[in-house]
Amino acid sequence: MAIKRFPIEAGHIMMFARSVGDDNQIYYDADYAKKTEPGTIIAPPTFVQSSAQFDPDYFLRPKVGQPWFGSGKEPTGIKPSKSGGGGGGGGGGLHAEQHYEYHRNVKVGDVLTATTKPGKTWEKEGKRSGKLVFTESITEYRDQKGELVVTARGVGVRTERPVDQK
Amino acid sequence: MALKASELKVGDTYTERLVEDLKRTQIVQYAGASGDYNPLHTDEIFTTKVAGYPSVFAHGMLSMGMTGRMLTNYVGDGRLTKFGVRFTSQVWPGDTLDGTATVDAVRKEGGVTYVDLTVTTVNQNGVEVIKGNATARVDG
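Residue numbers (our numbering), protein chains in the order written: chain A, 1 to 166; chain B, 1 to 140.
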């Protein structure tokens, strides 16, 4: 995955903060944010995950003219995709771990790029879902000057069968 | 707003109710904001009939996002330097989650004072759904 342009926008931060139930005004109000230590609207800690919005190929977003595996007339439009496995899991995949290192705050007005490289892959026998295949990916978010802003390490897991709820 | 090293002790905890009776609509809201439209989180028909789960379930990142809110409320705005978690159990509509940060260490490195925290989020049955760690800059 590579994202050429991830503009950090106030409206996007507002919607994201709402979705995680965060009413801290630093995410909503530029005048309020001015008086805080960061001095500007910043992104909540897990916000960079929403860079998916700016990934043209992100496979967990319906795209114009392409089949989608969610339900319509039938329970699924297509067979679940076998691709992915990194960041947020996918059809049949789940998100196992997520780690962030913050080199500086992400601020409104930043325009970031993101490049992802694969990490380790390992297997484990799970009690509740059969064989588990873990896949790691490392994403570097950099600013306009090429400086590292956030390093993200995600681990996806593909299960042999749905996780037993017992 | 920010924490002071002199006021922190190993073993100190901070807990916050992250969500009470998680609604499917909030999961939809998170899908829309984050861009992760995996039907496992929003499409009950796909998730029960095709994927084989009892219902839709929350994005791990929604639970992590809400846990992050607890952390920033505790350590202050823009103070986190690290935050990482494992998703140890799924989160379902109707769940009530509490997030806790526990002080592991207060230390100095390169003239900056940091607090290391263990982070856990549990559901209404006491089942841990998130386990991880975070580090934040504190006032020395």
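Simulated from the structure, these hints should not be mistaken for laboratory data.
A few of these clues could be false.
Said to hold, decoys possible - Lysine to aspartate or glutamate pairs mimicking EDC-like chemistry, simulated, CA-CA at most 20 angstroms apart:
#, chain 1, residue 1, chain 2, residue 2
1, B, K82, A, D164
2, A, K127, B, E44
3, B, K108, A, D143
4, B, K82, A, D143
5, A, K73, B, E44
As the list claims (entries may be wrong) - Okay, the calculated beta carbon distance ranges per label pair:
#, chain 1, residue 1, chain 2, residue 2, range
6, B, D104, A, R104, 19 to 27 angstroms
7, B, G94, A, E9, 44 to 52 angstroms
8, B, Y14, A, Q25, 14 to 22 angstroms
9, B, R24, A, E9, 35 to 43 angstroms
10, A, E9, B, P93, 41 to 49 angstroms
11, B, G126, A, W68, 47 to 55 angstroms
12, A, T115, B, G94, 34 to 42 angstroms
13, B, T118, A, P38, 33 to 41 angstroms
14, B, T81, A, W68, 32 to 40 angstroms
15, B, G94, A, G146, 43 to 51 angstroms
For clarity, every value in this text was computed on a predicted model and none was experimentally measured.
Ideal Cβ positions, reconstructed from N, Cα and C, are used throughout, including at glycine.
Here is what the structure says about each hint:
no.: 1; hint: B:K82 <-> A:D164; verdict: violated, 32 angstroms
no.: 2; hint: A:K127 <-> B:E44; verdict: violated, 25 angstroms
no.: 3; hint: B:K108 <-> A:D143; verdict: violated, 28 angstroms
no.: 4; hint: B:K82 <-> A:D143; verdict: holds, 18 angstroms
no.: 5; hint: A:K73 <-> B:E44; verdict: holds, 14 angstroms
no.: 6; hint: B:D104 <-> A:R104: 19 to 27 angstroms; verdict: holds, 24 angstroms
no.: 7; hint: B:G94 <-> A:E9: 44 to 52 angstroms; verdict: violated, 33 angstroms
no.: 8; hint: B:Y14 <-> A:Q25: 14 to 22 angstroms; verdict: holds, 20 angstroms
no.: 9; hint: B:R24 <-> A:E9: 35 to 43 angstroms; verdict: violated, 27 angstroms
no.: 10; hint: A:E9 <-> B:P93: 41 to 49 angstroms; verdict: violated, 29 angstroms
no.: 11; hint: B:G126 <-> A:W68: 47 to 55 angstroms; verdict: violated, 38 angstroms
no.: 12; hint: A:T115 <-> B:G94: 34 to 42 angstroms; verdict: holds, 39 angstroms
no.: 13; hint: B:T118 <-> A:P38: 33 to 41 angstroms; verdict: violated, 25 angstroms
no.: 14; hint: B:T81 <-> A:W68: 32 to 40 angstroms; verdict: holds, 39 angstroms
no.: 15; hint: B:G94 <-> A:G146: 43 to 51 angstroms; verdict: holds, 46 angstroms
The earlier numbered hints that this structure contradicts are 1, 2, 3, 7, 9, 10, 11 and 13.
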